[in-house]
Amino acid sequence: MLADYIRFSVGNFKRRKIRSFLTMIGVFIGIAAVVSLIGLGEGLRTAILSQFGFLGVDVLSVQASGISYAGPPGTGAITPLTDDLAEKIEKVSGVEAAINRYLKSGTFEFNDRQTIGSAMSMPEGDRRKIVETMMNIKAEQGRLLKDGDARKVLLGNSFAEEDVFGKGIKAGDSVLLNNIKYEVVGIMEKKGSFLFDYAVLINEETLLQDFGDDGSVNIIGVKVRDPNGIDKVKADVERLLRKERDVKEGEEDFIVESPQKTLETLNSSLFAVQLFVYIIAGISLIVGGIGIMNTMYTAVIERTKEIGIMKSIGAKNSTIFGIFAIESGLLGMVGGIIGIILGLIFAYGLAAAGRAALGVDLIQAHVSMALIFMSLAFSFIVGLVAGVLPAYQASKLQPVEALRQAK
Amino acid sequence: MNLEDLKYSFQNLIHRKMRSWLTVLSILIGIMAIYALVSFGLGLQHYMKTLSEEMGADKLFVYSKGTAAPGMDPNFYLTRDDMDFISKIKGVNEITPMYFKAGEIEFGKEKRYNFVIGLDPKDIDFINEGFTIEVYKGRALKEGDIYKVFLGYNYQFEEKPPSFKKAVSLGDKIFINGEKFEVIGFYEEVGNPQDDSQVYITEEAFTRLYPEEKDKFGYIMMSAMPNVDPNELADRITEKLRKFKGQKEGKEDFYVQTLTDMLEIYGNIIGVLSGILALIALISLIVASVNIMNTMYTAVLERTKEIGVMKAIGAKNSDILFVFIFESGFLGAVGGIIGVLLGWCIASLGGFIAKVSGYPILQPVFPWYLTAGCILFAFFAGAIAGVLPAIQASKLKPVEALRYE
Chain A
1 MLADYIRFSV GNFKRRKIRS FLTMIGVFIG IAAVVSLIGL GEGLRTAILS
51 QFGFLGVDVL SVQASGISYA GPPGTGAITP LTDDLAEKIE KVSGVEAAIN
101 RYLKSGTFEF NDRQTIGSAM SMPEGDRRKI VETMMNIKAE QGRLLKDGDA
151 RKVLLGNSFA EEDVFGKGIK AGDSVLLNNI KYEVVGIMEK KGSFLFDYAV
201 LINEETLLQD FGDDGSVNII GVKVRDPNGI DKVKADVERL LRKERDVKEG
251 EEDFIVESPQ KTLETLNSSL FAVQLFVYII AGISLIVGGI GIMNTMYTAV
301 IERTKEIGIM KSIGAKNSTI FGIFAIESGL LGMVGGIIGI ILGLIFAYGL
351 AAAGRAALGV DLIQAHVSMA LIFMSLAFSF IVGLVAGVLP AYQASKLQPV
401 EALRQAK
Chain B
1 MNLEDLKYSF QNLIHRKMRS WLTVLSILIG IMAIYALVSF GLGLQHYMKT
51 LSEEMGADKL FVYSKGTAAP GMDPNFYLTR DDMDFISKIK GVNEITPMYF
101 KAGEIEFGKE KRYNFVIGLD PKDIDFINEG FTIEVYKGRA LKEGDIYKVF
151 LGYNYQFEEK PPSFKKAVSL GDKIFINGEK FEVIGFYEEV GNPQDDSQVY
201 ITEEAFTRLY PEEKDKFGYI MMSAMPNVDP NELADRITEK LRKFKGQKEG
251 KEDFYVQTLT DMLEIYGNII GVLSGILALI ALISLIVASV NIMNTMYTAV
301 LERTKEIGVM KAIGAKNSDI LFVFIFESGF LGAVGGIIGV LLGWCIASLG
351 GFIAKVSGYP ILQPVFPWYL TAGCILFAFF AGAIAGVLPA IQASKLKPVE
401 ALRYE
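Residue numbers (the numbering used here), protein chains in the order written: chain A, 1 to 407; chain B, 1 to 405.
One should not assume that every hint holds.
Label-pair distances were calculated between CB atoms; the ranges are [unchecked claim]:
# : chain 1 : residue 1 : chain 2 : residue 2 : range
1 : A       : Asn111    : B       : Glu182    : 30 to 36 angstroms
2 : B       : Asn192    : A       : Glu252    : 25 to 31 angstroms
3 : A       : Asn111    : B       : Gly246    : 16 to 22 angstroms
4 : B       : Gln257    : A       : Lys91     : 46 to 52 angstroms
5 : B       : Lys17     : A       : Asp4      : 44 to 50 angstroms
6 : A       : Glu252    : B       : Lys245    : 47 to 53 angstroms
7 : A       : Lys91     : B       : Val356    : 27 to 33 angstroms
8 : A       : Asp246    : B       : Val228    : 41 to 47 angstroms
Hints are computed from structural coordinates only; laboratory data are not their basis. Since we're looking at a predicted model, the values are computed, not measured. Ideal Cβ placement from N, Cα and C applies to all residues, glycine included.
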């Protein structure tokens, strides 16, 4: 039965090639826009989120309250965290380790060029191993930092490229940090994340000595033994900090957060932006649907006589309805298939062109199978919905009237 | 072209109501989206322009570089010495320092975190001119004010961020980092929740709250003497201050910005963003044009016989061509007019929502050229889509056409 409908529809497409083709153009431009924009948006979102992807499920971060958009963690804090808290947090049951992380801003000079950025501390001893595992860092050149490395620095992969200083830095080179000479012990593997690829890591002791120590900490990383118990540990750490910082419940001047939560917030705000773009792109799909409806109305008028004949030889209303609805849906779906192919070409082509032009790895396209099937189903549904009214009109025609009315 | 042709096109549109309306609908959706998006982009550009006119193009800012917002990086800042040096550079007129720090604002047992700005009260007129802002209520800060605070606009309303449960009024006491301050005035609205929830105190009060920040400025604002080009002055300040601080070219830890620089940067961003969005919306207009083309092809087929009759009684090819192109353009124009109307409604609604949610700077503007441009554009999109079908119609052989069933 369905096969008959489809055969019938294809026959009709062939009969009015230009019109069918124009109708399909409408749908496929819409689908191509949606597929390529969603693909690019999704790729960009994945790339941005992957920047923070190292944040595991068994980690909590502690920060002092303040203005979050003022700069790197800790910069907008009112009452900074003190460096004695980590030790106390470590005693909370369920906590494997609590690690002070210091971020110090300074100048970075190499090849007679200078930038301003932040250097981050690497803890010494057992904690180094924990941080290294947590961040999953490996050296591409040279080695990682080890205890006793004074005035040695481990750099992110981007510093090995020419763009920052006009010349790539190699393990063994000397660089000036705050006008003090440091030896580069290693370059980390490329991570595709700016947090890592532009990281400047220095042993805690050296960092505090050369960049100044005011007893304040930017952020405390807390590793939890059992990820399932993370909520309880969070509550316990909060209780401890309230006591230490002498604040009442509800008036905390600090935030204990699981990075997963941060990720979710980021994700939802990115999604809001994407949604806006999708809606605008989706409008063209609606316009395409209107085109289908228009074509189908024309088809019903054109084929009034045909419908009359079909009905007089016994076609039921439902059969006529089915023929027109399927035809309309097929128009949509064929447009959808072409649109998906074009959309794929656009998305990946634009992403590649964007990467080449801007040199930013963040521009990625990601078209999932789900997106492809959804678009296909959606284009069919758009066609089907657009065809419902015309098909209904066709099915309700009186056979005798239809036979007579046709010109 | 004559009146009869127009009347004929018009009658045809009425005849095939359903199809015409669907075609019009498809074009109006695209125009609506473009009109609404562009009106917001223009609104922002308009805002930047008025801002620069009020502020005066003679303003310059010296910022310290660093990894955070101005004044927030503990290791990079501008000092009193830097300012004294700059004030002596030829061409510099008025000059004033700005302190910036995050602060804990407490009112009615509730705490919020916002920027605290320390300013020199004797420069208050210059500062207000630079901020393009005026006192809304109460009085400005003056010399000798220590435990007095001047607030951003939003504090007067409990529903606006920083959204304290109770609105703050003149004479109320608020706590900044635990110190009690009396509220002496409010600024008028800037139009975004960050600026409208800042608090302002005198330099003296600021250095009491943050003793370690004394003479460490977030940025320094100055104006150029009349007849001095601010951009040239900016270059001169960069060069001299660099030498003063003993830094080499390209290794400065500060930068100088003129108002023109700032506006250019914002203007570019706004332009690019609204351009991209309008481009995406344009896609729907292309689809709509294809729809018009489709409708017109059908119209030509349907009216083959009619065309034959017209030709038989003396219509020229060009007459037929014109009838169909005009009909097509007319479809577009009707879509354009309705689209502009709906777009206006949507943009106004959007502007209202933005205002309610604390962003009154996001307001659409509707210059006549945007309206006229959209309608004309819709007309031409329609007319162009009609060209091919119209050529086909005009090339019909009268005899063949008459015979056509």
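Quiz item: Hint numbers the structure violates, sorted upward?
Solution: 1, 5, 6, 7, 8
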